[in-house]
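Trainee: Work out the full structure, taking the sequences as your base and the hints as a guide.
Protein sequence lines, in the order shown, are assigned to chains W and Y. Counted from 1, the first sequence has number 100 at position 94 by our numbering; the numbering is strictly sequential. Counted from 1, the second sequence has number 363 at position 360 by our numbering; the numbering is strictly sequential.
Bear in mind the hints are in silico, worked out from the structure with no lab data behind them. All C-beta atoms, glycine included, are put in the ideal place defined by N, C-alpha and C. Some hints could be false.
Stated by the list, open to error - If you anchor each label on the Cβ, the simulated ranges turn out as follows:
#	chain 1	residue 1	chain 2	residue 2	range
1	Y	M185	W	T22	53 to 59 angstroms
2	W	T22	Y	G286	30 to 36 angstroms
3	W	G20	Y	E23	31 to 37 angstroms
4	W	E31	Y	G206	32 to 38 angstroms
5	Y	F215	W	E44	39 to 45 angstroms
6	W	T22	Y	K51	30 to 36 angstroms
7	W	D62	Y	D339	42 to 48 angstroms
8	Y	P59	W	N29	21 to 27 angstroms
9	W	D19	Y	A330	22 to 28 angstroms
10	W	E44	Y	E213	45 to 51 angstroms
11	Y	S56	W	D63	19 to 25 angstroms
Said to hold, decoys possible - Derived, one-sided and incomplete: chain W residues facing chain Y with beta-carbon distance under 10 angstroms:
#	residue
12	G10
13	R24
14	E26
15	D37
16	V39
17	I57
18	E64
Said to hold, decoys possible - Only pairs whose alpha carbons sit at most 25 angstroms apart, straight line, appear in this in silico DMTMM-like list of lysine to aspartate or glutamate:
#	chain 1	residue 1	chain 2	residue 2
19	Y	K329	Y	D189
20	W	K32	Y	E336
21	Y	K51	Y	E258
22	Y	K51	Y	E23
23	Y	K257	Y	E272
24	W	K32	Y	E130
25	Y	K51	W	D42
26	Y	K51	W	E95
27	W	K59	Y	E213
28	Y	K257	W	D42
29	Y	K51	Y	E272
30	W	K32	Y	E127
31	Y	K257	W	E95
32	Y	K257	Y	E213
33	Y	K329	Y	E216
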Amino acid sequence: MCLGIPGEILEIDGQTARAEFWNVEKAVRLDIVGDDVEEGDYVLNHAGFAIRKIPDDEVEETMELYESLLSGDEEDALEEIGATDATLEFGDRPAAVEEGDTPVASTNRMPRGPGDARTGTEDSDPDPRPETDE
Amino acid sequence: MSSDQTLQFRNPDQADQLAERLETLMADIDEPVTLMHVCGSHEQAIAKFGLRSLLPDGLSVRMGPGCPVCVTNMPEVDEAVAVAEQGAIVATYGDMFRVPGTQKSLADARADGADVEVVYSASEAVELAAEHPDREVVFFATGFETTAAPTAAILANDPPENFSVLSAHKYVPPAMEVVAEMPDVDIDGFLAAGHAATITGYGLFEPFVEEFELPIVVGGFEPIDVLLGVERLLEYIKADVAGLENAYPRCVSKEGNEQALETMWSVFETTSGEWRGIAEIPGANLVIRDEYAAYDTRERFDVEPASGGPDPLTEQCICGDIMAGKADPDECELFDEECTPGNPVGACMVSSEGTCKIWHEYGGHPDF
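Mentor: Next up, the structure:
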């Protein structure tokens, strides 16, 4: 699947890091993460490479979202991180994350077109003009 | 964030509200609408959660060329089989292992004695080369931008001399243009895949929106995300405006991952290439630049594709029509008959991102 999988960076050695995915540890490459990454950061990983650093204020939401998304599909997730003989353990995140500030939720996004469904499903704008020049 | 909020991604009430909204929008639009998504993970969410049952009459959501394994052309598999049979160790992603070539899959080649290894990342393929310094190790590299950038990073980082890459990487935007222009495919809007856009950025779609005057919404993968993306597209269609919107800001920015893009374009360039069953698409195949020719399997080996005709069943396979959004899997005579995940005829039945495999697992039109 083309879903990336979020994991926590445990240890960095040059362009290689050890990352933890729900209690499964795997090596990930940092060559193309496109951001400064430190131990304790969370990154989105695909095919053994970190492709995005997850902003601190989005970590908790992201992890919960993935746990919800992957629940029942653990095999897919394990295939994605290349650890098909391991077992994911959900809901055991480091205290630092669980005690973190309330993350900015899904309202943090680009200017929208008409009838913004995430702020309510009613079309509150009677004369919608989609923005084409974002 | 509390768990209550997390549940909003699966909230049935919100799904019902969105479904009602879709109903209203379709009544306003008052003509059939076909939307296309280009991602196996979207199709998984749609099929697994039966989202098509929530769509009003006249609204169709189809999967386009969103499965990289599926669009890998048979001669590309033949090339990988050829180098394996010439004695190289061929490493590839698990999804590619059983995809049929003209005469053999890599799984068949391994059964016949060739060395074929399944890896989960490009870096594992390089490790394989380091472990076998006396052997040629070929990484049969497939996938869109999310795997092309990692392959590029490996090549840009001085891999061992016995390592090379057989690139079957694909670049999605030109394929969307070809599908949008197909005379017998009438697409009213695209739901673009969130994770590919993590690399490319959604700004990439701006020229497409302008040229084809079609709306594009970048969407996430939870059921509500998908419904929301569909709702956003219908809003644009109702207003008769082409627009570009990021409905997946958690992961996607306008610029994308610039380091990954820079690495990808330093190693790869685009060329015209055949997408299995769809068309010869200008600029949609990624090949290795001259600067990295020393690591290009096609420079290092004689990789003429296999001769001879394909399995006769392949002639009946409609994978191409399915990936172009012209047909659904259950319109194929082979679907779940001669063609099953255990014995696939077409690539769409092999990959977990293939439309046929997904429909086999979950059904496409759930009957509640």
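Trainee: Indicate, hint by hint, whether the structure satisfies it.
Mentor: Here is what the structure says about each hint:
no. : hint                               : verdict
1   : M185/Y - T22/W: 53 to 59 angstroms : violated (44 angstroms)
2   : T22/W - G286/Y: 30 to 36 angstroms : holds (33 angstroms)
3   : G20/W - E23/Y: 31 to 37 angstroms  : violated (54 angstroms)
4   : E31/W - G206/Y: 32 to 38 angstroms : holds (36 angstroms)
5   : F215/Y - E44/W: 39 to 45 angstroms : holds (43 angstroms)
6   : T22/W - K51/Y: 30 to 36 angstroms  : holds (34 angstroms)
7   : D62/W - D339/Y: 42 to 48 angstroms : holds (47 angstroms)
8   : P59/Y - N29/W: 21 to 27 angstroms  : violated (43 angstroms)
9   : D19/W - A330/Y: 22 to 28 angstroms : violated (50 angstroms)
10  : E44/W - E213/Y: 45 to 51 angstroms : violated (40 angstroms)
11  : S56/Y - D63/W: 19 to 25 angstroms  : violated (36 angstroms)
12  : G10                                : holds (6 angstroms)
13  : R24                                : violated (13 angstroms)
14  : E26                                : violated (16 angstroms)
15  : D37                                : holds (4 angstroms)
16  : V39                                : holds (7 angstroms)
17  : I57                                : holds (6 angstroms)
18  : E64                                : holds (6 angstroms)
19  : K329/Y - D189/Y                    : holds (9 angstroms)
20  : K32/W - E336/Y                     : violated (43 angstroms)
21  : K51/Y - E258/Y                     : violated (32 angstroms)
22  : K51/Y - E23/Y                      : holds (21 angstroms)
23  : K257/Y - E272/Y                    : holds (22 angstroms)
24  : K32/W - E130/Y                     : holds (14 angstroms)
25  : K51/Y - D42/W                      : violated (37 angstroms)
26  : K51/Y - E95/W                      : holds (23 angstroms)
27  : K59/W - E213/Y                     : violated (31 angstroms)
28  : K257/Y - D42/W                     : holds (19 angstroms)
29  : K51/Y - E272/Y                     : violated (36 angstroms)
30  : K32/W - E127/Y                     : holds (12 angstroms)
31  : K257/Y - E95/W                     : violated (34 angstroms)
32  : K257/Y - E213/Y                    : holds (16 angstroms)
33  : K329/Y - E216/Y                    : holds (20 angstroms)
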